[in-house]
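Participant: Residues per chain, in single letters:
Protein chains: 4
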Amino acid sequence: MKPIKHIKIKENQTIKELVKDMKETGFQAKKISQASEILKQMIEDKECKIFLGLAGAMIPAGMKNLILKLLENTSCFVSTGANLTHDLIESLGNSHYQGDENANDEELNKKGLDRIYNVFMENKVYEDLEDFFEKNWDKLKDCKDIKQFLWKLGEIVNKEDSILTKCYKNKIPIFCPALADSGIGLMIWGQKAKGKKINIDAFEDMKDIIDLAWQSKKTGILYIGGGTPKNFIQQSLQFSKGADYGIQITTDKQEYGGSSGAKLKEGISWGKMKSNAKFINVMCDATIALPLILS
Amino acid sequence: MKPIKHIKIKENQTIKELVKDMKETGFQAKKISQASEILKQMIEDKECKIFLGLAGAMIPAGMKNLILKLLENTSCFVSTGANLTHDLIESLGNSHYQGDENANDEELNKKGLDRIYNVFMENKVYEDLEDFFEKNWDKLKDCKDIKQFLWKLGEIVNKEDSILTKCYKNKIPIFCPALADSGIGLMIWGQKAKGKKINIDAFEDMKDIIDLAWQSKKTGILYIGGGTPKNFIQQSLQFSKGADYGIQITTDKQEYGGSSGAKLKEGISWGKMKSNAKFINVMCDATIALPLILS
Amino acid sequence: MKPIKHIKIKENQTIKELVKDMKETGFQAKKISQASEILKQMIEDKECKIFLGLAGAMIPAGMKNLILKLLENTSCFVSTGANLTHDLIESLGNSHYQGDENANDEELNKKGLDRIYNVFMENKVYEDLEDFFEKNWDKLKDCKDIKQFLWKLGEIVNKEDSILTKCYKNKIPIFCPALADSGIGLMIWGQKAKGKKINIDAFEDMKDIIDLAWQSKKTGILYIGGGTPKNFIQQSLQFSKGADYGIQITTDKQEYGGSSGAKLKEGISWGKMKSNAKFINVMCDATIALPLILS
Amino acid sequence: MKPIKHIKIKENQTIKELVKDMKETGFQAKKISQASEILKQMIEDKECKIFLGLAGAMIPAGMKNLILKLLENTSCFVSTGANLTHDLIESLGNSHYQGDENANDEELNKKGLDRIYNVFMENKVYEDLEDFFEKNWDKLKDCKDIKQFLWKLGEIVNKEDSILTKCYKNKIPIFCPALADSGIGLMIWGQKAKGKKINIDAFEDMKDIIDLAWQSKKTGILYIGGGTPKNFIQQSLQFSKGADYGIQITTDKQEYGGSSGAKLKEGISWGKMKSNAKFINVMCDATIALPLILS
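Residue numbers (my numbering), protein chains in the order written: chain Y, 6 to 300; chain A, 6 to 300; chain B, 6 to 300; chain P, 6 to 300.
Keep in mind that a hint or two might mislead.
In this list, chains with the same sequence are indistinguishable; a pair is considered to hold if it fits within one copy or across any two.
[Stated by the list, open to error] Taking lysine-lysine and the BS3-like style, the derived pairs with C-alpha atoms no more than 25 Å apart in a straight line are: (1) Lys15 - Lys164; (2) Lys157 - Lys140; (3) Lys45 - Lys222; (4) Lys222 - Lys270; (5) Lys140 - Lys222; (6) Lys268 - Lys116; (7) Lys222 - Lys268; (8) Lys10 - Lys164; (9) Lys10 - Lys174; (10) Lys116 - Lys10; (11) Lys25 - Lys15; (12) Lys115 - Lys283; (13) Lys157 - Lys199; (14) Lys199 - Lys212; (15) Lys283 - Lys116; (16) Lys74 - Lys10; (17) Lys223 - Lys74; (18) Lys129 - Lys144; (19) Lys28 - Lys116; (20) Lys197 - Lys146; (21) Lys45 - Lys270; (22) Lys74 - Lys25; (23) Lys246 - Lys197; (24) Lys51 - Lys176; (25) Lys202 - Lys140; (26) Lys176 - Lys149; (27) Lys164 - Lys176.
No wet-lab data here; the hints were simulated from the structure.
Using the sequences and the accompanying hints, generate a full structural model.
Facilitator: Quick look at the structure:
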């Protein structure tokens, strides 16, 4: 047994040192350190393909660069439509704003501000989105599946710090099964409502993610939040030999039975996770956990 | 100010009496009672269309009859694909089983049992699903959007206690933007992988839910869990005058910024909820809250 | 394996029937039913002494009658000082009030209202408490330990629906290691500050609870919330053979390492719980769980 | 409005830089940064007396040095008995150990290991505690209140890295209203059970903390966890003008009505917090939040 060592804060200590020190502690601090180690292992394992699932409003919360960093080692990216919409909104020149969760929602509404806990967004960003889709529809209208469509968006906006562009340029397959449930989905509907044509098959790119899971010698999963992204990756892993590495960052609880809060261990029963896999559940707001783990 | 009255348990007390008594108490017990009242109001308000969002494994947990009951007053139903798949699994003659969350997942895997917290499911249910889709593909293959597809499923299985059948028979529009992320999605992929043809547009039925929101004089929302169902309804409400009534049952927390945990009040800033709407957030496992509220 | 049976809500269904039905479901609904069964078993086991720990503002929330009911079968009662103070406040003729958690705290302060989430209390209740202690000090001043002092309070107030009175009359030992941390503690300090004498030993009644644990053939624990009450009972159980039955109702999480959220299973390592004990953790607001379990 | 700025991780970035960057983000990352700023302000405000409340097993989890650091600026320290016991255990030469929350509790019990989530402790530490109290009883037996007793313990163990010693040496008043509810309490009981005499008044040192609150020009509160330490400080603040600064680190939720999860804002209604106070609630495991905030 190894003794607990108490964390020491030194002047100008680096994050890397802190996370290393957390390894010798307990509770969730230790989990942060273990997650950091497992992430390193799955990146360094050349046979391992990393599947990244992203839920929760991480772009509005200021985590975009961290996601961009993670994408450098990602073989498969599944996101909520919301995060991709927020990424696109920023690429079109708009910002998210530092806000206050106790602000009066009625007054925010009058000011045209949408609240996401303590982050604000101007409602007029939707006008820029509409202009963008109106202007670029011809380039988008021939896409046949969601992955193609999202890559095409990334090609068009073409911004250094865009998640969509990064996925397009690095040919990282990007899945978003619930794209209809997002601002981007609304824009597509808006074009269709004007009589424009597009035909994006809801199931066409499932083949790609299942093939990826099937063909990978080893797989590593990294879930930031739960929701559809986690579940969609878990589903595809039924066609793999089971993941070899796993990290889940969520504050949801297993006791209420939902997929988002389920511990990674549960995946062993389904064959989605190997019984000897290295995995860890981190219970911490991802806006705090991510910068520490990525250090 | 009204004084708190202490709950009295009488021999053979009815649930209805208990929930009435909870009205005069505090904390979440009071919320249960308030939710029950608001549900009653939105049902009795003849101008109000009820939008029901369902996430979390409510069918495996034994809540199917309660959902069926709720559907009797529902004008728009949005669900995760998982709940619909579990509904279909039961319609095909399979059961979910009472389990133990501390069971050994490796042994469960060997026995062919998939674990959902303290509920088990036989992995072989997927074989029955495959047979069903194989056998009925001709009836399904011409569906053009997800709503049509799900109604068709409900028509084919044709079971009294099936959610899909109930929606089909009562013409309740049923949306599932992330259907690809479910066992039903896998089955569609399976048929496509065999070379069979189907073309289900990912955005086609957005028109229907947006029209519903747009045309309703009044709207009431009832969210069991968060996830895509909540978000998809919230999104459509941007095209309404804002909901008039709202109930949310979730244990997720607003502090982490995700859509699932956001309090209904936040929707006022977005114009998704009227500032004078009657709404309540209930923080309780839905398997406990639902039977009480529905009493 | 037993199949999940879906809950059916019938007209005028009793709570007892619902809780029975919950036994065949999953997630926390099932826990409610299991807790109800274990409670029945520990009450019916004539060799078993029940230790009840009470934390969280259950008296302000309207749960007093349920606690009184539980005390009928309790051999040892440990409470926060706050719950006993709120019980005393009500015995002196004051009420707690139904409130709103979104009320403006500054305005409440001006109105002399103290907020406990969605329950209000008039700040002037402290004046009645002061009068009571002033008037009855002579009867209290000779108490030598906390248990004696609390029984004496119960004897003086002498109300049918008082927890303190019930403990006094039924000779249920009542422990409150942190009594200083409560309104009652403040009143004792107030009398001392006026120069009155009293000498209550902080450790004197530990003997009683440890003897109880030591001498009981079997023990059953029932924790409503965590905190000092749970910990104090757990501590005494180290001197027993380990509890035979256990129920814990809390929404705190084990992942953060605190005693309040620790699962009962952890007690096995400490010898506080038998390895073959029947125990259950219920994750639900006690204001909802208690009336169901006690049905 | 200030735009959200995305966190950038640079090679060898310091914690200080990260926390500064978090200020421009959202969700709980921003709270970490705000807490860090408020802590700085209350330390630099020469008129402000800081009241530190400590609950949760922070010593076993490896946070002792951070607490020692905080004590340098603390005027009043309230702790659970458990943390002080764990501090004493380490001062007597024992360690806590890095463990696994999934370890078999029955086997741990056989090995004489007590589990605190993912931290282990040898059960035989109690023997060393007994020896210590046996040997030093004569020095302790004349203490008349809990504060004196704890200072005396700190004087006797006399270790550089002991919380008890630090409080003794720096004359930081240390309160522990529920000391009976801890290993130290057990040891006192053990001596009394052998017929040794000691008389520690349960309410004697309330005067000290209330005087401190009363006499302080300004007060700042820092709650690590909730429980008795938070509540005892809150109670004393009723005798102040209300706190000027406040930080609360907890994962407990306000919705269940307990004192531990109550937002600091609630204290305004009670007069425990000024309505214009600077305060922040951080929802994060303290083992992660503390090293960041203290950077």
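Participant: With identical chains treated as interchangeable, where does the CA-CA distance between Lys25 and Lys15 reach 25 Å or less: within a copy, between copies, both, or neither?
Facilitator: both (14 Å within a copy, 17 Å between copies)
Participant: Cα distance capped at 25 Å. Does Lys202 pair with Lys140 within a copy, between copies, both, or neither?
Facilitator: within (15 Å within a copy, 33 Å between copies)
Participant: Please work out whether the CA atoms of Lys129 and Lys144 approach to 25 Å or closer within one copy, between two copies, in both situations, or in neither?
Facilitator: Within one copy, since 24 Å is at most 25 Å while 44 Å is not.
Participant: Treating 25 Å as the Cα threshold, decide for Lys157 and Lys199: within, between, both or neither.
Facilitator: Within one copy only: 21 Å inside a chain, 28 Å across chains, cut-off 25 Å.
Participant: For Lys115 and Lys283, with the copy left unspecified, which applies at a CA distance of at most 25 Å: within, between, both, or neither?
Facilitator: between (50 Å within a copy, 20 Å between copies)
Participant: As a check of your reading, is Lys199 near Lys212 (CA-CA no more than 25 Å) within one copy, between copies, both or neither?
Facilitator: The answer is between: 11 Å across copies meets 25 Å, while 31 Å in one copy does not.
Participant: First find the shortest C-alpha distance between Lys222 and Lys268 inside one copy, then the shortest across copies, and answer within, between, both or neither for a cut-off of 25 Å.
Facilitator: within (24 Å within a copy, 38 Å between copies)
Participant: As a check of your reading, is Lys116 near Lys10 (CA-CA no more than 25 Å) within one copy, between copies, both or neither?
Facilitator: For Lys116 and Lys10, only the inter-copy Cα distance (22 Å) is at most 25 Å; the intra-copy one is 51 Å.
Participant: Is it within, between, both, or neither for Lys45 and Lys222, if the alpha carbons may be no more than 25 Å apart?
Facilitator: within (18 Å within a copy, 51 Å between copies)
Participant: Within a copy, between copies, both or neither: which one fits Lys197 and Lys146 at a CA-CA cutoff of 25 Å?
Facilitator: Both ways: Lys197 and Lys146 sit 10 Å apart in one copy and 23 Å across, limit 25 Å.
Participant: Using 25 Å as the alpha-carbon threshold, which applies to Lys10 and Lys174: within, between, both, or neither?
Facilitator: between (44 Å within a copy, 24 Å between copies)
Participant: Pop the pair Lys157 and Lys140 into one bin, within, between, both or neither, using alpha-carbon distances up to 25 Å.
Facilitator: The answer is within: 14 Å in one copy meets 25 Å, while 37 Å across copies does not.
Hint 5 alone, counting from the list given before, is not met by this structure.
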